[in-house]
Structures are given as structure tokens and as C-alpha cells.
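Number of protein chains: 2
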Amino acid sequence: MSITKGEIRSGAYYDSVILMQLQRSLTELPGVIDAGVIMGTDANKDLLAQSDLLAPEIKAAGVDDMVIVIKADDETAAQAALEGVDDLLAARRSGGIEEDYRPKSLESAAQMIPDAQWVLVSVPGRYAAGVARSALDLDKHVFLYSDNITLMDEIELKHTAAGKGLIVMGPDCGTAIVNGVGLGFANKVRRGSIGLVAGSGTGLQQVTSRIHQFGGGITQALGTGGRDLTEQVGAVTARQGLDLLSRDPQTQVIVLVSKPPSKSVADELVQTARQIGKPVVVDFIGYSTALRKVDNVYFATSFDETAELAVKLSSKGAAVEPDEQFNLDLFSPDQRYLRGLFSGGTLAYEALLVLENYLPAVYSNAPLDKKYRLADSLVSQEPTILDLGEAEFTVGRLHPMLDNDLRLRRLEMEASDPAVAVILLGVVLGFGAHPDPASELAPAIISARTGAEKSGRYLEVVAIVTGTDEDPQDMHAQIEQLEAAGARVFTSNDAAASFVGRLAQALDPAAARTSQNNLAEVDLQALNQPMAAINVGLETFTESLADQGAQVVQVEWRPPASGDEKLMAILERMKSK
Amino acid sequence: MSITKGEIRSGAYYDSVILMQLQRSLTELPGVIDAGVIMGTDANKDLLAQSDLLAPEIKAAGVDDMVIVIKADDETAAQAALEGVDDLLAARRSGGIEEDYRPKSLESAAQMIPDAQWVLVSVPGRYAAGVARSALDLDKHVFLYSDNITLMDEIELKHTAAGKGLIVMGPDCGTAIVNGVGLGFANKVRRGSIGLVAGSGTGLQQVTSRIHQFGGGITQALGTGGRDLTEQVGAVTARQGLDLLSRDPQTQVIVLVSKPPSKSVADELVQTARQIGKPVVVDFIGYSTALRKVDNVYFATSFDETAELAVKLSSKGAAVEPDEQFNLDLFSPDQRYLRGLFSGGTLAYEALLVLENYLPAVYSNAPLDKKYRLADSLVSQEPTILDLGEAEFTVGRLHPMLDNDLRLRRLEMEASDPAVAVILLGVVLGFGAHPDPASELAPAIISARTGAEKSGRYLEVVAIVTGTDEDPQDMHAQIEQLEAAGARVFTSNDAAASFVGRLAQALDPAAARTSQNNLAEVDLQALNQPMAAINVGLETFTESLADQGAQVVQVEWRPPASGDEKLMAILERMKSK
Chain A
438 MSITKGEIRS GAYYDSVILM QLQRSLTELP GVIDAGVIMG TDANKDLLAQ SDLLAPEIKA
498 AGVDDMVIVI KADDETAAQA ALEGVDDLLA ARRSGGIEED YRPKSLESAA QMIPDAQWVL
558 VSVPGRYAAG VARSALDLDK HVFLYSDNIT LMDEIELKHT AAGKGLIVMG PDCGTAIVNG
618 VGLGFANKVR RGSIGLVAGS GTGLQQVTSR IHQFGGGITQ ALGTGGRDLT EQVGAVTARQ
678 GLDLLSRDPQ TQVIVLVSKP PSKSVADELV QTARQIGKPV VVDFIGYSTA LRKVDNVYFA
738 TSFDETAELA VKLSSKGAAV EPDEQFNLDL FSPDQRYLRG LFSGGTLAYE ALLVLENYLP
798 AVYSNAPLDK KYRLADSLVS QEPTILDLGE AEFTVGRLHP MLDNDLRLRR LEMEASDPAV
858 AVILLGVVLG FGAHPDPASE LAPAIISART GAEKSGRYLE VVAIVTGTDE DPQDMHAQIE
918 QLEAAGARVF TSNDAAASFV GRLAQALDPA AARTSQNNLA EVDLQALNQP MAAINVGLET
978 FTESLADQGA QVVQVEWRPP ASGDEKLMAI LERMKSK
Chain B
438 MSITKGEIRS GAYYDSVILM QLQRSLTELP GVIDAGVIMG TDANKDLLAQ SDLLAPEIKA
498 AGVDDMVIVI KADDETAAQA ALEGVDDLLA ARRSGGIEED YRPKSLESAA QMIPDAQWVL
558 VSVPGRYAAG VARSALDLDK HVFLYSDNIT LMDEIELKHT AAGKGLIVMG PDCGTAIVNG
618 VGLGFANKVR RGSIGLVAGS GTGLQQVTSR IHQFGGGITQ ALGTGGRDLT EQVGAVTARQ
678 GLDLLSRDPQ TQVIVLVSKP PSKSVADELV QTARQIGKPV VVDFIGYSTA LRKVDNVYFA
738 TSFDETAELA VKLSSKGAAV EPDEQFNLDL FSPDQRYLRG LFSGGTLAYE ALLVLENYLP
798 AVYSNAPLDK KYRLADSLVS QEPTILDLGE AEFTVGRLHP MLDNDLRLRR LEMEASDPAV
858 AVILLGVVLG FGAHPDPASE LAPAIISART GAEKSGRYLE VVAIVTGTDE DPQDMHAQIE
918 QLEAAGARVF TSNDAAASFV GRLAQALDPA AARTSQNNLA EVDLQALNQP MAAINVGLET
978 FTESLADQGA QVVQVEWRPP ASGDEKLMAI LERMKSK
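Sequence order for the protein chains is A and B. Numbering of the first sequence is given in the working numbering, commencing with residue 438 and proceeding in unit increments. Numbering of the second sequence is given in the working numbering, commencing with residue 438 and proceeding in unit increments.
Since the hints were derived computationally from the structure, they do not count as laboratory data. Among these hints, one or two may not hold up.
[Stated by the list, open to error] Output of the computed footprint for chain A on chain B, the stretches with three or more beta carbons under 8 Å from beta carbons of chain A: (1) 513–523; (2) 651–658; (3) 840–846; (4) 923–937.
Values in this document were obtained by computation on a predicted structure and should not be read as measured data. From the three backbone atoms N, C-alpha and C, an ideal C-beta is built for every residue, glycine too.
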């Protein structure tokens, strides 16, 4: 037999560490089988019911009420436990940090540590936005651990912060590592050259831990809260974080992690990342990309892979491919289009896939997306990739791998178009193919380039040679002939398509998808000064900061107006006057 | 001034190599500026027009008519050229292979080379299905280079072949390498341990060439034709190819390449690939996956990456992770479900993403797909992954990283469910987190496992520990405690989720997505005997095979009934009687 007794303490605020400690102490009392100490939300009452702790007298408790339930062997033990609550709370209090020296407000805390750049907020959600707002008023960056904050509040806080060059990590930001000091929950990770921005708490912890395990280290790890990459929030914090890390000289590799993001917000963030001269590893859960890598941006699909890749990239140093310095002055102002002549479908497809990352629209007789189908295969429009192996070019005539005739005629035609700047040629060697394609292509390339030059234009010709050194055509001799004719030769289709994509994009900047960052710049000092912080909420965070050698003060916070929402609203209105 | 003159030769069939050679010879005649020799399709006439070669007298030409056009300085030169056509054709003929010894039919060719297992078909599309059908009647495998074959013919041919244990590569199959011999267009690639199946001609050439360039080599490279992975064809050839390579002892790594495939057909093929005990690298253009690797299957997004990965895997030998031998007898027959208890959202998300590959439905309070949302977070259903960091568990109580109470209670509850076989626990260390989670979890794990054992069940407990050796909790000591309690510990979330996914799938085979291969097995001899082939169509393919040392005979093919479609239909009907 057992008996369950409960008690409601209306409007009694304790932070949840204290609730937990009280619950434990109660459980250890003689005759007590189980105990529950929680704030009286419906969810918590359901959990009590599941543990068979929902005493009838506590069903009426509300969200601002502390609820204490004891399951004991008998009435006497239960009653004794309930009566011991005040003593236990008092005992805990006297054993804690000297509370007399604790400031009662953010303002006085800020006076105590004028160097504090950060405010950590972990009070219950419905009070947290107010505290964060006060912190921003004091020009502090905010680490907002609290969850259960409205989306409207999040948006408003982040925009207020961004307007002032401040950053709000969160809400529901469980973790960050700023200048070597963990905020909230954080692992002890070696310092190094990898910087993180994460819309995911355990994701950030997993990736930073694995980076450490793989022998790498980090500069900064910034949290954004799990909703930052939604349409509504628009990645304000992630964009600030990315900008900070791009400017941070210690950060050589950047990692972006998020819970399932909005596709368009994620796309936009990737565009921004591409404008940074550092490798960026992206792992947005469930965000799939058709390519693994675009320029400096690598896409990973697991935290493990993310960590491994980041460590690999960081150990190479900042090894982004050198930004080609295209000499755009060579081209006449009208020249901007790319024309590609392939003799096989899949190489053309792969090129189209790569080009999607550089040009808004590429036409083709075999497009990836039907809306870019050429009206007439015989006439190119804007940037065009042509598969000369398609039926309209091969029925009743020889395949272009065997017969260059069609390609030579088309090359001449494209080269004479004053809007064309780049010609891409797929050259496939091997058994069955033309015995010496370069002998026919090289003169045509020379003639095309000379013709353009005579008309005051410059023609970039890029050839992709598919073959081996054992092929009957002698691949190296083929390459030499093409290069002697002025072509730039690649053996990787991928690399060739990326190259012409970057060039075509540079020639037609209107085609480039650019992203604007209209946020005020956050000072790098936010990350690079010794950590000094004000903590409002969970005391364990203060202890943890102190353990890590940071300067920290705990605010002795109580719900305003004892949690009375009407009164809170009046106070808020008075304050803003 | 120039003059253009043309001539139609009705019903005159020449293969397109001859057309090209004739065109070249004509261009070289005195006074000739340009020439065109083609079959009279509309597309070809458009191309003539574009080169200013569409003489009025040839506009009436049809698809079975050879068209000859000359652009010359004057009437005399043009006329002389046209009159020279017969001599040029005759000269070419006498210079070629002794045609007297050429068989006039497939049947007599088959008698000449009884060992021939392969028939290469490159006659015009509208005749090609008939030739392929005859080859299948003779129990030959078919390399079907011709394009412009109807989808219905393709389906019918492939099913006929598959029913007889024969394979049809194509239609529109440009390339293959069988037992070291290139069919159609193919590069000379080092022999090695990588086998390919490709629904893409230039893709196959690019990947095999890059494999060679990266120092690797191939066993076989089988083409399927570009439509094989469509819904209608259902990857008949790709499935046969995959099955052949899975049985081929020389092949240690398999590569699958395709033009943009049907998503469902590609998914199915990937499922099949997962049942093969060899690493498989998949690059289906535009087929994006949320994960980079599932068991033995690696997803690449470019031909370069595909080749690089295949070479890397092949140099390791067949280094698939050993198939765990789960001792399923330990479990009671009712045990089959997985229950995961995470203290953070993103690790839970990643686990869900991985589990999608093993289990048809995993429920969660934070699911990737809303339809798998738990009706009640307090009650698990079937396989369930729970994020205890979600608001319903954290408002007004401490976060599960700090307070194990909720998790311990839930662990006990899940462990007592007779349908539960595996429990997955996310344990996050670090600053701010519980100072010694293992001290509370380990006893609970022991109790859960002992309780299950008493009821005749076996409980697999898997823990993912996120942390570093510098964390305040001492990660190694935490891991030891958990292991001592009987938990299997991972530090990679990815690896842990894959492990429990495989186990849960093994326990509930009904949940596993299996794929049936209802095709008759193709004898490995098709790939492993010295190449002997019959070529019907482009003579250059015969030359190329002979150059590569293969046994080959060219059939002296002419369109049946001189291309008269009515007559052809009658002949076809007579034949089938």
C-alpha cells in the first residue's frame, strides 16, 4: 500500500535546477517511494499521471504554480516530507553561492561587469523575450537558451539586434562556444581553425565533439536556434554568424549545420557562402543537393561526414581553388554567352547540372528542365548546351563521335555569333570513334578564334577530352593539338563545366544570383574578447562559466509582477514610455 | 558565284560511314565547294538548308532515299561530281574487305562463327528491332547501338531476352566493354576489379576513362541504353547487369551510372544494390539522396567523384563493413521494435533520416514527415524515436541533459513493453550537462536488461555518447560504465542509427523493403569468354573489333524488301508462321 499527497504553491518561482534538487532530496527521505516537483503545466501533470503521481489536490495547479507530490508508504511519511520542503529549500539556499551579492536586475549586473558582452537567458519562455529585449537595450549580445518563445518575438528580437550590430543566438539555443568558452551545454573542444554556425544544439555538439575526436579544433561555434532557417526568420542569425566567421582571421574552414531548413532560405544561405573565400561545409538535415560540391561549398549528409570533411579541409589550410582572375577586358561588351557542343547526352546533362549553379537559364535540345528546351535544335539561344548525339542529328547520318562534319559547321556558326564568348567542346576518344578528331577540330578552332579576333572579339574555347593514354588516338597528342590551337583542355567534365560556368557568370553578372546582406556588421570583438557574461536563469550555467574561467554574474531573477500577466503588460507599457 | 545541284537515289541503302566517306571524296573534287550526302529525313534536309545545300530538286526525298548535293564553282564541276558518284562508291567497295565472303544473313553469320555470343546491331532504327529479334531467336546477346527504336519494341525485346537468360544492351547503347573488348565506342581501359552498369554512353566512357587515369581498372562495363531506368522499361537490363556483376568473382566494386532516371525505378535498383555484398557506387544524374552512403551503397554526384570513389574502394579490396551476424535467437518472437530516447532534436532527426533506409515507418514527437507524428508523446508506437528536449518535456522542468529523471522513467517503461527489442539512448556530455549521467543510466540499463531477461526477453541497449576526452565528465569513464552495464556504445550518431536500423530490420523482415528479381539468370559466360561477335550495320565496328583481336564477322545487310514497309510487314508475318 502507498499513499500519494500533493501541495500547490501558487506563484512560487524556482528555477528548474532547484525543482530537480528538491525532488531528489524528497525522494531520499524515509518512507518516501517517489516524488515530483514541477511547475504545474498540463504536460507536466500528464507526466506525473504517467508515474502515478497525480494526486487529486494538485489537478487545479497552473503554469505559475509549483507543484509538490509525494508518494510514500503511509500518510505520516508523506506529510512529514511535505512539511520538510521549506527546510530543504532553505538548506539548499545557504549552501549555494552567497546570494546577497547577487544583482537583482540586468542593469545592476551590467554595472558590476561592465566588460560583459553577453547575456545568457534561460528563464521560462513567456518571460524570456522581455529579458532578451532588456539585454539588447543594454547593447549586449544574447544567448537565448529559453524555448517556448513566440515566432513573432523571435523575429522582432533578431531584427532589433541585427539593426544594432548585435547577435541573438536562439531562442532554444542549447549550446555555443565563444572564444573557447562553452555557453549552455557545450563540450570541451580543442581550439583550431574551424568555425561553426548551427541551427541545431545537439548537432553542434556532435560535430564539434567529432572534430575533436578526429584531431581537429574550432575557433567559434555559434548557435542560431532551431527556427532560424525558417522562411519567417530568414536566417538572420546564421547570416550574421557566417559573416563573422568569414571575417575572423583564425577561422579557415566554416561549417553550417541546421535542422531541416526552408529550402529557399537554405539556398540563399548557400549562395552567400559561395561568396566567401573559405571552404564551407554544409549539413542541413534533409536538404539534398544534386551536386556534392559547388566552388568552395561542400555538402555533407551526416554529422560524421561534416566533421571529417571539415578536419580534412582545415588540415590542408585554406585550400580553396584559387579564384581564377578572368581577363574580362579581352571580350567585347556584347560577348556573354556560352555554347556547348557535346557528342553524348550524359556529359551534356552533367554540364547542365553544374551550370545551374552559375547561370539562371541554360537552353538545350536535351534540357534537365523542359522549360529550357530549344525551340529549334538548329538555332542556339542565350547560353546553350547541345547534344549532337540526339536523334535529330543522327538519324540517317553518322554519329558525331565518328563524323565531325556537323560539329565543325556548328562551331563555325556559333563562333560567328557576336554574343558568344565561350565555346565548350566534348571530344570523345576510343575504339569506334574518329581516328584523329583533333586534326579536324584544331584548324576549326584556330579559324573560329582568328575570325572572332578580326571582328574585335575574343573567343575562349574549352575542350573536354574523354579518353585514356592507351586509346588508339593517343590522348596526349590529341590534347597537344587542341592546346596548340588555343583551346583550354580538361579531362574532367565536371571541372570544365565549372570553369566555363564561372567565366560565363563573370561575363554576365546580371545572370549571377547575388545575395544582399542588409544586416549591420557585428563587431568581431563579440567573439574575440575574454568571455564576460551575465546569466539570467539556470544557475548551473553560471557555475559552468565560472568553472571555465569566465567572468560571470548571476542575476537573482524573479518573474515580474509575480507572474501576473496583466500586471506584466502594464509594467512593460510603463517601461517603454 | 556558285551553283548547287542535287540528286535523289531512291531506295539506295548505304551505311552512314559510306555516306560520310562519299561526302568527303566529293568535297575534294576540283571545283567543288561543299557537298552533302545523307538519307533524306526532314532533319537532315533542315541541316542541308542551314549549310545552304538544299537544292530544289532534292526537297522531295524521303527517309529511304539517299540524297547527294554538290555546291560547286560552276555547272560543269557540279555535274562532273554527280557523275563521279558511282565510280567513288565502286572504288571504295573494291578497297574494302572482301565482300564476297560476307554472309548475307544473321543465320549464316552464326554458322560461320558458332562461338559468337554477341550480335552488334547498328542498322537504321526502323529495321533494328527486327534484327535484334532475329539475334535473340538465335540465342545471342545483343548490343543494340541503333536509336530511334520505339519504346514498345524496347520493352518487348528486353523481356524476350530476359526470359531466355539473354541480355539486350540498348537501344541507343553507344558503348560497352565486355571481357576487355570495346563494343561500339569505347576507350582502352586497364583491366581491374571495377564493374560498371551504365544507362549512359558518354557517362560510361567518362567514368571508365577517369578510372584508368586515376590508376584503377575495370572488369566489365555494360551499357543499358538511356531509357532503361524509365518507369516503362523498369531497368530490365540494369538489373541483369547488376546481377551479373554481383556474381562475377573478378568484380569487387560495382558502379551504376544513368541519365536522369525515374525516381521509383532508381530507388528499387538501389534497394537491389544493397542486397549485394560488394560496394556499389551510384551516380544517377539529378537523383539526389538525403544521405551519402547507405550500407554498401555510395552516392556520387559527378562522374569524377564516381571514378575516384570506385578506385578508392577497389584499392581497399572488397571492404564492405562485415555483415553483422545478429543473434536473433536471443530475442523472443514478439520482440521487434526500436525505441530511441534522445535529449536533442537534431541527433533525433539524423537518426530518423538514417532509419528511413531500414524501416518503413518510424514514429516520433518530432518526425521528418508529419504522418509519423506520435498521437501522444507519452506513448510510443511501433518503432519510435523520441526527442525529450521538445517543449512538451521541458517547459517547467529541467532539460534532459541535466536531469535524467524523465529518461529513466521512460527507459523503464519502454523496456517493459514486450514488443521492444532495442533501446537507443543519446547521452550528451560537456559543460552545463549532468555531471555523471552514466552513474544514473547504467543501473537503469542493468535493471531494464535484467527485467527483460526475467520475462524471457533479450534487450539490446545502444548508447550514443557525444563528447570529448576533455569534457568534465571523463568520456572514457562514462563509456566504460555504460558498457559494463551491457550497453553497446557508439560515438558516431550515424553509425549507431545504422546499427539499430539493421538490427530492427532483421528482427522484423516484414518491414524490410525487398526487391524481387524475376529475370532468368544470364550465364556469366556472356562476359567471360573470348569475344566473338556478329556485326550488323556500321562497318567501323567490325574493324574496331578486329583491331582489338576479337573474332568478328560483318553481315552484308540490306533493308528487307528494299525498305518497303508494306512488303516488310508481309515478310514478317510469313516468317512468324
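### Message
Could you work out which of the previously given hints the structure breaks and list their numbers from low to high?
### Response
1 and 2
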